[in-house]
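Residue numbers (this note's numbering), protein chains in the order written: chain R, 87 to 425; chain W, 34 to 372.
Hint data in this document are derived by calculation from the structure and do not stem from the laboratory.
It should be emphasised that the depicted structure is a prediction, and the values quoted were computed from it without experimental measurement.
All C-beta atoms in this analysis are idealised placements derived from N, C-alpha and C, irrespective of residue type, glycine included.
Any given hint might turn out to be false.
Computed Cβ-Cβ distance ranges for the label pairs, DEER-style [said to hold, decoys possible]:
(1) R/Lys410 to W/His216: 39 to 47 angstroms
(2) R/Leu100 to W/Ile44: 50 to 58 angstroms
(3) W/Ser337 to R/Thr276: 32 to 40 angstroms
(4) R/Gly203 to W/Val145: 29 to 37 angstroms
Letter by letter, the chains look like this.
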Amino acid sequence: MRKGKKLLLRWESLLVLVIVLEFLIFGTLSPKFLNLKRLFSGLNQFIPVCIISLFVTYVMITGGIDIQAGSIVGLTSIMVGVLWNDAGLNIFVACIVALVAGALCGTLSGFFVAYTGVQPMVVTLGGSFLYSGLALAVTNLSAKEAYQGISDFPEAFRALSRTELFGAVPMQFVIFLALVVVSYVVLHRTNYGRKIFLCGVNPNAAEFCGINTRAVIMSTYTLSGLSASVAGILLTAYLGTAKADMGAGYTLPIVTAVVLGGTSNLGGSGGVIGSALAALAVGLLRIGLSLNGLSTQYLDIPVGILLVVTVSFRFAGTNPKLRKLFGRRKRQTVISKAG
Amino acid sequence: MLKKLLHSREITAFAFILFMFLGVGAINPAFLSPGNIWLCFNSSVVYTVVAIGIALVIITGEIDVSVGATLGMTATICGTMIRDGQPWEAAILTALLVGLLIGVVNGFGVTVLKIPSIIMTLGINGIVRGLIYVYTDGKWVENISFDFKNLSQGRLFGAITWFYLGALLLMVAVHLVLTRTKHGKYLAAVGDNIGGATLLGIPVDSTKFMAFVLCGLLAAAGGVLYVSRVGFVTPIAGNGYEMKVIAACVLGGISLSGGVGSVIGAGVGAAIMASISRVLVFVGLSSDYDNTITGILLIIIVVSDALIRRRAVEKARRERLAAKTLHAVASEKGATVDA
Numbered sequence: 087m088r089k090g091k092k093l094l095l096r097w098e099s100l101l102v103l104v105i106v107l108e109f110l111i112f113g114t115l116s117p118k119f120l121n122l123k124r125l126f127s128g129l130n131q132f133i134p135v136c137i138i139s140l141f142v143t144y145v146m147i148t149g150g151i152d153i154q155a156g157s158i159v160g161l162t163s164i165m166v167g168v169l170w171n172d173a174g175l176n177i178f179v180a181c182i183v184a185l186v187a188g189a190l191c192g193t194l195s196g197f198f199v200a201y202t203g204v205q206p207m208v209v210t211l212g213g214s215f216l217y218s219g220l221a222l223a224v225t226n227l228s229a230k231e232a233y234q235g236i237s238d239f240p241e242a243f244r245a246l247s248r249t250e251l252f253g254a255v256p257m258q259f260v261i262f263l264a265l266v267v268v269s270y271v272v273l274h275r276t277n278y279g280r281k282i283f284l285c286g287v288n289p290n291a292a293e294f295c296g297i298n299t300r301a302v303i304m305s306t307y308t309l310s311g312l313s314a315s316v317a318g319i320l321l322t323a324y325l326g327t328a329k330a331d332m333g334a335g336y337t338l339p340i341v342t343a344v345v346l347g348g349t350s351n352l353g354g355s356g357g358v359i360g361s362a363l364a365a366l367a368v369g370l371l372r373i374g375l376s377l378n379g380l381s382t383q384y385l386d387i388p389v390g391i392l393l394v395v396t397v398s399f400r401f402a403g404t405n406p407k408l409r410k411l412f413g414r415r416k417r418q419t420v421i422s423k424a425g
Numbered sequence: 034m035l036k037k038l039l040h041s042r043e044i045t046a047f048a049f050i051l052f053m054f055l056g057v058g059a060i061n062p063a064f065l066s067p068g069n070i071w072l073c074f075n076s077s078v079v080y081t082v083v084a085i086g087i088a089l090v091i092i093t094g095e096i097d098v099s100v101g102a103t104l105g106m107t108a109t110i111c112g113t114m115i116r117d118g119q120p121w122e123a124a125i126l127t128a129l130l131v132g133l134l135i136g137v138v139n140g141f142g143v144t145v146l147k148i149p150s151i152i153m154t155l156g157i158n159g160i161v162r163g164l165i166y167v168y169t170d171g172k173w174v175e176n177i178s179f180d181f182k183n184l185s186q187g188r189l190f191g192a193i194t195w196f197y198l199g200a201l202l203l204m205v206a207v208h209l210v211l212t213r214t215k216h217g218k219y220l221a222a223v224g225d226n227i228g229g230a231t232l233l234g235i236p237v238d239s240t241k242f243m244a245f246v247l248c249g250l251l252a253a254a255g256g257v258l259y260v261s262r263v264g265f266v267t268p269i270a271g272n273g274y275e276m277k278v279i280a281a282c283v284l285g286g287i288s289l290s291g292g293v294g295s296v297i298g299a300g301v302g303a304a305i306m307a308s309i310s311r312v313l314v315f316v317g318l319s320s321d322y323d324n325t326i327t328g329i330l331l332i333i334i335v336v337s338d339a340l341i342r343r344r345a346v347e348k349a350r351r352e353r354l355a356a357k358t359l360h361a362v363a364s365e366k367g368a369t370v371d372a
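When you get a sec, could you build the whole thing from the sequences and use the hints?
Written out as C-alpha cells, the structure reads:
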C-alpha cells in the first residue's frame, strides 16, 4: 500500500497523468488526434528533441547545461549532405563521419567545461556560435545554394525514418524507445551512472572517492553531442533535406523537457524516464494544439507557460514568504522539524 | 591609478579591440579610415544598450535570455504605432512600458517564485516570441515614417550618432551608479556572495528584481533604437540577440557567476560583437564566418581568463605555504638554540 502511494506521488507519475489528460482532452476535441498514423507523423518532427533531451539530462545531472545541441543538429545534417553529395561518400559512411564529428564537438565543449572550470553556460554558448558557424562554412563547400539545402537522398537512407513497424509505428519512434532503455540502464543501473550523480551532488566528494570527475563530466557532453548528431541524421532522413539551420530553435524545448522531467538544473538529481515522458508530453501538447487550429508559430506560448508554471510549483515552496502566505501548517511542520 | 586601470578586466577587451582594428588595418588600410571606425561603433548602439541592461542582471549572478524576444516585441509595438501615425512619444512610451512589464514578470518569477533565472527567462522568451506572432499575425511592420528613421542618422561633428552618444552617456551614468552609490553597489555584492549580502542586511530580492526590471526597460530601449536604425520589423527581429549580448558581456570581462565586471566592459564587448562582421568583410572573408569567429573568440577569451586566474590563485597559495613553512623552520631553529 505504502509503496503504491509512493509510486503515485512520484514526479514521473504526474507526467503520465498529464499525458493521459492530453489524450482525453485532445481526443475529445478532435478525433484526428487518436488516429495513430496522424499522431506519429506529428510526433516525428519532435523525436529529435526527445532524443537529445535524454542525454542533456546527463549533463544537467552533473550540474551543467547544454545549449549547443541544436547547432550540432544542424552541423550533422549539413555534413551528411555535403559528404554524400559533394565528397561522393557512401551515405552511411557519411553518417558515421557526422556522428564522430558530433561526438567531437561535444567533447571539445566538455573538455573546456571539465578541465578549465569555465561555466558550462558560457562554453556551450560559445559552442553554439562555433558549430552553427561551422555548419554555414560547410554549406559553402557544397555546389548547391544554401537556401535550397541538399536533397534527393537514396531510399536506403530515407528508410531510416520512413520504415513503419506494424504498419504504424515509425522507425524513429522505435529508435527513441531503444535509446530510452539504453540511457536508463546506463544512468540508473551502472557504475558510470552513479558517478554522474555523485559528480552533480558533490564534485569534491566524488574526487576524494577516486572518481575522475573531470573525465566523467566531459563524457556527458560527448554523449549529448553524439545524441544531437543522431537526432540530426534522423531529422535529415525524415525531412529528406540537409540544411545548416536545422535545430536552431531546439534550446527551449530541450531544456523544457529536461526540467519538466524533474531534473534539477543545480545538478545531483533527476532521471531519464522523466525527461522522456516530459518530452512526449510537450510533443503531444504541440500536436494537439496544432490539430485544433493553433498555428505552429504560436506553439512556444503554451510550452513556455507549461515550463514556467510547473517549475514555479516546484520552486515556490523554497520561498519562506510565500509559505507564510499560503501554507501555514506546512510552515509549522518545518519549524518543528528544525526544532 | 594607472596600476588600477591596468588591472581592470575591461582593459583586456580594450586592448583586444585595438589590436583587432590595427591588425585588420595592416591587412586592409581602408579599414582604418575614421568614417569606418565610427561606423563600427555607431552600428553597435543596439547591442550596447541591451548589453548594459543584461550586464546588470549578470552582475547580480542571474541571467536573462528573454532580452531578444523583449527587443523584438517592443520593436514590433513601437514600429506598428509609428506606422499607424500615432505620436512618437506614445509609441516609445508604450514600448518602454511593455519592456518594463516583461522585466517585472521575470523579476517576479526569479525573486518571488524562486524559479532559476535561466529557466524562467527561457520560458518567457518562448511566450513573448509567440505573442509577437499573435500581435503581428506573422506580417512584417513596414512603411515607418522617414522622419523617425532619420533620427538614427543625426550625427555630432558628422561622426558619432546622437544615438551612440546617448548610449555612451547612459553607460557612464550606469557605471557611476554601480560604483558610487549604495544601491548600485548592492548589485555586485549580491552577485559576489549572496549569503554574505543577506547577512549584511542587503535586500537581496529587491536588488535582483530591480536588475531584471531595468534589463527589460533597456531591452525595450534597444527595440526602439532598432526600429529607427533598421526601418522595418520582422516577426523574428531580435532573434539570437540574447546570445550576442551575453557574449558581449563575457568578452567585456563580466563573469557569469556574478559580482565581477562593469557595464563599461559590456559596452566594449558590444562594440567588438558589432565590428566582427565588418572586420570579416575587410579581411576578404564572407560574413558567414561571423558566428564561427564569435564562438572561437568567446571560448579563447573565457578559457584563457579562467586559466590565468587559476594560476594567480595557485601562485598566491604557494607563496602563503612557503611563508608558513619558512616561519615554521625559523621558529624550530629558534627553539633548538634556546635549548
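Are there hints from earlier that the structure breaks, and if so, what are their numbers? Hint check: 1 fails alone, others pass.
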